[in-house]
Amino acid sequence: MAIDPLWIWVAVGAAAILIVTLLFATGARRTRTANLRDKFGREYDHAVRNTGSRKLAERDLVSRAEEVNQYDIRPLNASERERFRRDWLRVEQRFVERPAAAVAEAEEVVADIMRVQGYPMGDFEKHAANLSVTHPRVIEHYRAGHVVMSRSGASTEDLRQAMLHYRALFEDLIGDRTDVASDAPRANEVSPLAPRATETRETLVDRDDLDARR
Numbered sequence: 001m002a003i004d005p006l007w008i009w010v011a012v013g014a015a016a017i018l019i020v021t022l023l024f025a026t027g028a029r030r031t032r033t034a035n036l037r038d039k040f041g042r043e044y045d046h047a048v049r050n051t052g053s054r055k056l057a058e059r060d061l062v063s064r065a066e067e068v069n070q071y072d073i074r075p076l077n078a079s080e081r082e083r084f085r086r087d088w089l090r091v092e093q094r095f096v097e098r099p100a101a102a103v104a105e106a107e108e109v110v111a112d113i114m115r116v117q118g119y120p121m122g123d124f125e126k127h128a129a130n131l132s133v134t135h136p137r138v139i140e141h142y143r144a145g146h147v148v149m150s151r152s153g154a155s156t157e158d159l160r161q162a163m164l165h166y167r168a169l170f171e172d173l174i175g176d177r178t179d180v181a182s183d184a185p186r187a188n189e190v191s192p193l194a195p196r197a198t199e200t201r202e203t204l205v206d207r208d209d210l211d212a213r214r
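Under this note's numbering, the final residue of the sequence shown carries the number 214; numbering is consecutive throughout.
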């Protein structure tokens, strides 16, 4: 029995529509992935590792962004920034005598800034998820600092690195963005915990001095 040419053209047309639809869907997925990678940076890879699935990771990141967009997040005003700078200086100064306590206080300062800016209260993972949306550039610093703070028996060097991570996050939150090196200087070098020229020399931290005091 001969096949009606009309049905052949219908089948060809349906296949063409399906192919075009699949191409558009693939393109949309790739665009979405590219946009999320661009927005979240390495946090995108962290989400994929954490969920074990690119699809689940992207769903989680989109959900984070939608939730944070509902918050009334605001920048700090001038007096608030100055207050938190003073708080941070005190934390750095305490680091020389009590490094472990100073690292814990550094995380408290970060949490206090978030509270003032309008982020909801929550545990570390919730704070990290929120900050990954608004401060993706430095969220790795927050995670790395928290890992050290949560570890018992951390060395002075580990604690100093944690302070570097928290400082990078602190400066990003208050709008003083500077690139803080992830590698700590060795003995006889000026520590990255040192203040800028407008701050006092008491916050200079040298690794040999820290080891002697522990």
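No lab work stands behind these hints: they were computed from the structure.
Among these hints, one or two may not hold up.
Unchecked claim - Pairs of lysine-lysine residues, derived as BS3-like cross-links and limited to a Cα-Cα distance of at most 27 Å, are as follows:
{"id": "1", "residue 1": "K39", "residue 2": "K126"}
{"id": "2", "residue 1": "K126", "residue 2": "K55"}
{"id": "3", "residue 1": "K55", "residue 2": "K39"}
What you are looking at is a predicted structure, and each value in this text was computed from that prediction instead of being measured.
Okay, the hints, checked on the actual structure:
1. Using a Cα cut-off of 27 Å, the hinted pair K39 and K126 holds, with the two alpha carbons roughly 19 Å apart.
2. A threshold of 27 Å between alpha carbons decides the hint, and for K126 with K55 the separation of about 21 Å falls inside it, so the pair holds.
3. In summary, the hint linking K55 to K39 is supported, as the alpha carbons are separated by about 16 Å, within the 27 Å threshold.
The structure shown violates none of the earlier numbered hints.
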